[in-house]
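K.L.:
Residue strings, one per chain:
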Amino acid sequence: MGSDRKLRVLIAKPGLDGHDRGARVIARAFRDAGFEVIYTGCHQTPEQIVSTALQEDVDLIGLSILSGAHMYSFPRIMELLKEHNAEDIVVIGGGIFPTEDIPKLKEIGIKEIFEPGTLLEDIIQWVKTNVKPRGAAEAA
Amino acid sequence: MEIVQKILDGDIRAVARLMRDIDDEIPSAKEVLKELYPYTGKAYVIGFTGSPGVGKSTLVDRLVDKLRAVGKTVGILAIDPTSPFTGGAILGDRIRMQRHFLDSGVFIRSLATRGHFGGLTRSTHDMIDVLDAMGKDIIIVETVGVGQDEIEIAHTAHTTVLVTVPGMGDEVQAIKAGIMEIGDIFVVNKSDREGSRKTIRELRNLVELGLRRHKTEGPPWEPPIIETVASKNKGIDELYEAIMKHKKYLFDNKKTKLERVLFDRAKLHFVGILRDQLFNTVLKRARERGEDLDELVAKIVHRDVDPYTLANKLVERELGDSK
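Chains A and B supply the protein sequences, listed in that same order. By our numbering, the letter at position 138 of the first sequence is numbered 222, and the numbering carries on one by one without gaps. By our numbering, the letter at position 14 of the second sequence is numbered 3, and the numbering carries on one by one without gaps.
I should point out that these hints are in silico values taken from the structure, not numbers from a laboratory. Some hints could be false.
Said to hold, decoys possible - Calculated lysine to any residue pairs in the SDA-like style (CA-CA distance at most 25 Å, straight line):
hint : chain 1 : residue 1 : chain 2 : residue 2
1    : A       : K166      : B       : K236
2    : B       : K(-5)     : A       : E171
3    : A       : K216      : B       : K236
4    : B       : K(-5)     : B       : D126
5    : B       : K55       : A       : E131
6    : B       : K243      : B       : G207
7    : B       : K(-5)     : A       : C126
8    : B       : K(-5)     : A       : E167
9    : A       : K188      : A       : Q132
10   : A       : K90       : B       : D126
11   : A       : K166      : B       : D0
12   : A       : K216      : A       : P182
13   : B       : K221      : B       : D54
14   : A       : K166      : B       : I1
15   : B       : K(-5)     : A       : R89
16   : A       : K90       : B       : G134
17   : B       : K288      : B       : A300
18   : A       : K216      : B       : G76
19   : B       : K23       : B       : K55
20   : A       : K216      : B       : P73
21   : B       : K236      : B       : R274
22   : A       : K90       : B       : I262
23   : B       : K256      : B       : G81
24   : B       : K(-5)     : A       : K190
25   : B       : K221      : A       : K190
26   : A       : K90       : B       : G207
27   : A       : K216      : B       : K221
28   : B       : K221      : A       : C126
29   : A       : K212      : B       : G104
30   : A       : K90       : A       : I180
Claimed, not checked - A few chain B residues that face chain A, going by a derived Cβ cut-off under 8 Å, partial list only:
hint : residue
31   : D0
32   : R9
33   : R83
34   : K234
All residues carry an ideal CB built from backbone N, CA and C; glycine is no exception.
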């Protein structure tokens, strides 16, 4: 009776930048950590990202962004999650961010920001500590 | 149950969560499935199978365009492999289906094989039932990229589409039993590539041989061979027409063909459930006696006992006479 919850993660790149090397590396690392990773690649709109997260019932959304458009796309994603009563999905970001933006992103609910140079092990450890697979559907 | 009504209403979060519970083998999911069962059996199931990289996801993406254009709602189950070493998976079939992410008439779910062989997941039949109950007209199951023997899809889908590409192997590959026998429709994708003509000729020969051997009741079905270039949207109308023709064939021959498909599917589903339940029951009772699966296996490794005797002993002890 293998009723072990498996962590499901969405890795996506919002916006117009096509540099998906980092996203691929993290997807691979998460796979090796035993997670099920839904990988949707580049050029995702916030709407697409949230729609995928809902249909795939993920516990975590990892957003990779290098284009500098995070102050547009991240808040929009958080807004859409709220609209769909899906604020329980943890959202993290990875990429290049001006230092002054990081507190702002955390304020809107992004749980953690990983900047260049972060060790993969540290990210995986963070996820294991901070993200728990969600509970069963109400059978009531 | 409130959740049953939510599924029937097509509530995305409820559907997504139930699917998760099914895959994670949460006991309450079975109770929901029991309640949903009367509402299933309406959807038409199309299977796409073939080796990795032949273009299954892209074909599915294009076919969905066509199905949406004629007003059908679609559920998609896209299966990718689980790593046997870490238990993790990268599920990437959605990348090819992005155009449908915002269409409320399309629900896409990525599934990982989680150690199941056969091309599907252990949960596929239940997942089909959920999509069916939520009201999807057509359900497309894209198998994991298969080799030669993953034929469960043929006992699951109404219509099985076997996708290949030019230059995938010589005549000997085509003669072998297994995967090449299950196609109701053959697709040669990337047919603008060299060697396309030869592949089509080989498939045609195979189809003719197959016709002579399949001696089932009712009029025979001659699997059509469709040439497509999915990335350029070529041949998709022909593929759609072929699927509709096969559907008509099944419904024109209800007794001999359609009911056979439904019987095969129900049998595969039921036997799987029964097997899991028996297995789990025996192991659970053994555990209650303090016998752990790994310890039992260790006995076999040490040559203390052979696997047949041990299995027999366990089944007999826990379930009575096993003869």
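K.L.:
Next step is simple, just say for each hint if it's right about the structure.
P.N.:
Going down the list of hints, with the structure as the test:
1. K166(A) with K236(B): Since the Cα atoms of K166(A) and K236(B) sit roughly 42 Å apart, the hinted pair is violated (cutoff 25 Å).
2. K(-5)(B) with E171(A): 20 Å, holds
3. K216(A) with K236(B): Violated: K216(A) and K236(B) sit about 44 Å apart, past 25 Å.
4. K(-5)(B) with D126(B): 18 Å, holds
5. K55(B) with E131(A): 23 Å, holds
6. K243(B) with G207(B): 10 Å, holds
7. K(-5)(B) with C126(A): The given pair, whose Cα atoms are some 33 Å apart, is violated under the 25 Å limit.
8. K(-5)(B) with E167(A): Roughly 18 Å between the alpha carbons, so the hint for K(-5)(B) and E167(A) holds.
9. K188(A) with Q132(A): Within the cut-off at roughly 23 Å; holds.
10. K90(A) with D126(B): Between K90(A) and D126(B) the Cα gap is close to 30 Å, so the pair fails against 25 Å, i.e. violated.
11. K166(A) with D0(B): Status holds; Cα separation ~16 Å.
12. K216(A) with P182(A): Between K216(A) and P182(A) the Cα gap is close to 29 Å, so the pair fails against 25 Å, i.e. violated.
13. K221(B) with D54(B): 13 Å, holds
14. K166(A) with I1(B): Satisfied, since the Cα-Cα distance of roughly 15 Å is no more than 25 Å.
15. K(-5)(B) with R89(A): 23 Å, holds
16. K90(A) with G134(B): Answer holds: K90(A) to G134(B) is near 22 Å, not above 25 Å.
17. K288(B) with A300(B): 12 Å, holds
18. K216(A) with G76(B): 17 Å, holds
19. K23(B) with K55(B): Violated, at roughly 33 Å.
20. K216(A) with P73(B): 23 Å, holds
21. K236(B) with R274(B): 46 Å, violated
22. K90(A) with I262(B): At roughly 21 Å apart (the allowed maximum being 25 Å), I262(B) and K90(A) satisfy the hint.
23. K256(B) with G81(B): 31 Å, violated
24. K(-5)(B) with K190(A): 33 Å, violated
25. K221(B) with K190(A): At roughly 43 Å apart (the allowed maximum being 25 Å), K190(A) and K221(B) break the hint.
26. K90(A) with G207(B): 46 Å, violated
27. K216(A) with K221(B): Roughly 42 Å separates the two Cα atoms, so the pair is violated.
28. K221(B) with C126(A): OK: K221(B) and C126(A) at ~21 Å, within 25 Å.
29. K212(A) with G104(B): 23 Å, holds
30. K90(A) with I180(A): 30 Å, violated
31. D0: For D0(B), the interface hint is violated, since the closest Cβ of chain A sits about 10 Å away, which is over 8 Å.
32. R9: Since the shortest Cβ distance to chain A is 4 Å, the answer is holds.
33. R83: With a minimum Cβ separation of about 5 Å from chain A (threshold 8 Å), the hint on R83(B) holds.
34. K234: 31 Å, violated
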